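Novice: Residues per chain are reported as follows:
There are 2 protein chains.
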Amino acid sequence: MIQLSEEITKIKGGVSSPKGFEAKGVHCGLRYSKKDLGAIISEAPAVSAAVYTQSHFQAAPLKVTQASLKKEGVLQAVIVNSAIANACTGDQGLKDAYEMRDGFASQLGIEPELVAVSSTGVIGELLDMKKIQAGIEQLGQAPSVSGAFEEAILTTDTVTKQTCYELVIGGDIITIGGAAKGSGMIHPNMATMLGFVTTDAAVEEQALKNALREITDVSFNQITVDGETSTNDMVLVMANGCAGNDCLTEQHPDWPAFKKGLKLVCEDLAKDIARDGEGATKLIEARVEGAKNNLEANIIAKKIVGSSLVKTAVYGTDANWGRIIGAIGHSAASVTAEQVEVFLGGQCLFKHNEPQPFSETDAKEYLSGDEITIAVRLQEGSGSGRAWGCDLTYDYIKINASYRT
Amino acid sequence: MIQLSEEITKIKGGVSSPKGFEAKGVHCGLRYSKKDLGAIISEAPAVSAAVYTQSHFQAAPLKVTQASLKKEGVLQAVIVNSAIANACTGDQGLKDAYEMRDGFASQLGIEPELVAVSSTGVIGELLDMKKIQAGIEQLGQAPSVSGAFEEAILTTDTVTKQTCYELVIGGDIITIGGAAKGSGMIHPNMATMLGFVTTDAAVEEQALKNALREITDVSFNQITVDGETSTNDMVLVMANGCAGNDCLTEQHPDWPAFKKGLKLVCEDLAKDIARDGEGATKLIEARVEGAKNNLEANIIAKKIVGSSLVKTAVYGTDANWGRIIGAIGHSAASVTAEQVEVFLGGQCLFKHNEPQPFSETDAKEYLSGDEITIAVRLQEGSGSGRAWGCDLTYDYIKINASYRT
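Top line first, the protein sequences correspond to chains A and P. Take 1 as the starting number for the first sequence in this note's numbering and just add one per residue. Take 406 as the starting number for the second sequence in this note's numbering and just add one per residue.
Just so you know, these hints were derived from the structure itself, not from any lab. Source: prediction; values computed, not measured. Treat the hints loosely; a few may be bogus.
[Unchecked claim] Pairs of lysine-lysine, DSS-like flavour, derived with a Cα cap of 25 Å:
{"#": "1", "chain 1": "P", "residue 1": "LYS803", "chain 2": "A", "residue 2": "LYS398"}
{"#": "2", "chain 1": "A", "residue 1": "LYS63", "chain 2": "A", "residue 2": "LYS12"}
{"#": "3", "chain 1": "P", "residue 1": "LYS756", "chain 2": "A", "residue 2": "LYS63"}
{"#": "4", "chain 1": "P", "residue 1": "LYS769", "chain 2": "A", "residue 2": "LYS398"}
[What the hints assert, rightly or not] Here are the simulated distance ranges between beta carbons:
{"#": "5", "chain 1": "A", "residue 1": "THR249", "chain 2": "P", "residue 2": "GLN761", "range": "30 to 36 Å"}
{"#": "6", "chain 1": "A", "residue 1": "PRO253", "chain 2": "P", "residue 2": "TYR457", "range": "52 to 58 Å"}
{"#": "7", "chain 1": "P", "residue 1": "GLN471", "chain 2": "A", "residue 2": "LYS70", "range": "20 to 26 Å"}
Don't be surprised by glycine CBs; every beta carbon is placed ideally from N, CA and C.
Make a model of the complete structure from these sequences and hints.
Specialist: Next comes the structure, spelled out in structure tokens:
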């Protein structure tokens, strides 16, 4: 338990921690032996919001989830499979995604539009619907076990990703939990990043939508492993109101506290994904201050963590500030060479458009850690931003150059 | 000698092939034993144009070249060193670049503004001006030997890069030669891509400027090795008129032929750079047809060759069309999933938003070659474009993760 401020506390837990939520995972046979079908179920319909991939090739399950959410903006369950992304699968793929939704809804005895669908795995292959149907029956009997859902949604990930926070809203304790999968922003053959957030807070729909969009931009959208976007990316938040609080709106005095909690959950999951990037050994955080505005700060931060040369330098524990300058110099943001300052682990490496003397030994030791922060001051304005990535290693090549199996 | 059309013939040669140009290279001691200082010299002042890096951290020699060109738009020589980029070197760096220009001008007995300066190598280190001065004296006595200039400008490149074409303009034979260096679009620690083009054609200044900018956009700007732009990138073209042709303007009937020649030279050099990308074993060309316009076609083509996952798939000889879809899907251009067709080595892999049956064996054999073409049809309009890159291999990590030496 980590006390972050008067209002917000990090607790052990995940998507099934908020009141009224359960989460399950089973093995239905899409993968050889690992769990491959999971679900989050709320005891009451939950006000929900989602953000989807911007890819032109949006996968079938995302279309079905959009159709469900369009009805009333509430969901009671989400069903997720791994192994097969059900992307680039034409009309049959769309039919299958609807069948997956309707089958699970019927099993739960609820309206189909109360169910969202999500898939992750290989692109261009159809789901084995017999296995999915059998899996849906299994899900009905499966107990809500901690970690089973998180396991069922993994593909090339090496660890499960969950987080949970508690905060007090008008005297009521509310909980926000999250789960995610993803080992890169893009693996078009292993498509890709999913995030699920649950909360027992009562939240007004439009406020939840706005908050999710705003927070996604500074959390999930600020991570990069290999620079692109998959066909299946989705972040879904469900708020079932079981905490009994007064419904949160953007005018509620505790709205900033709730948003802060939601942001912490999304940020934790985003960082976990970057840290677990394919082949990665280190999490890299770029912090940019003094940009013209926050947007430009975020663009530069993402340029830094997205640079193959910065990533390989961090892997090689090389305090190669020239590569950081390269990444900053290349961005469309306002940058004045003479005003830029670059810091690594507290040491200033570059200032007044000239290299600064620094201890290479200290820098090398700092780069040997598993969390690296690169800080940049631009002195253009008051914008700040952060982004997260990982180092680029031989294992990234190994994972991605080996033939599909 | 390759006859391309009635007007244009590819010949053996380089920057010293056009009449009135000589090119030299010497070892002045910035590198341990390899040539590290070179120059192109014209017997007459040449109408010249240049394009420069868009980086916010433009290196000192580029500022000096801009100052020279600003005077009258003519140059008679360019001096280039490798090993030290003279970038991020503050006031002293700028002073050194001027000294390099003025020293060489005085050695040649011409006005300083007739000399351009270019550097490539490590960022953030000052030039050893004693060595440069001694090198300038050596250049005075050095003979014009084929290949010496091309060698002197290399850094991590594994091969020299030159090309040459002949064409007939109003009855006169004119020659266009080119040399380049660069093993990646960016190596901020090895900054970076330089291109030099010479021609004995007489060309009007504004027409030459316009043509260089237009052609750079579809040649040098359409290659990527690791996705970024260095502090020292520059392409310079010098036209000395020694062929004796009527001065070429945009209205001249042979202007399109000259532009075609200039484009062939730039494209050859650009492809040579992509092919020699750090760690690369293959050249990848992406051809996009049927885009809304040429700009969008170029954007998508560059997305494809820039994708780490496409690059690793090509290295692994894996016909992983899902990664091509990922790269296309991610672009801001107009794309309709149902209309997209993806081809590899003549086989259609993807169509009607569904995978197409294809021979994996044939695809694997095709990918085992050293020039790979990925073709995409969008059916949105009549725009077409191309881009070039290389595969991403273990050696890229090895080269870039090893500590600076």
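Novice: Taking the hints in turn, state whether each one holds.
Specialist: Checked hints:
no. : hint                              : verdict
1   : P:LYS803 <-> A:LYS398             : holds (13 Å)
2   : A:LYS63 <-> A:LYS12               : violated (33 Å)
3   : P:LYS756 <-> A:LYS63              : holds (20 Å)
4   : P:LYS769 <-> A:LYS398             : holds (18 Å)
5   : A:THR249 <-> P:GLN761: 30 to 36 Å : violated (51 Å)
6   : A:PRO253 <-> P:TYR457: 52 to 58 Å : holds (54 Å)
7   : P:GLN471 <-> A:LYS70: 20 to 26 Å  : violated (56 Å)
Of the numbered hints listed earlier, those contradicted by the structure are 2, 5 and 7.
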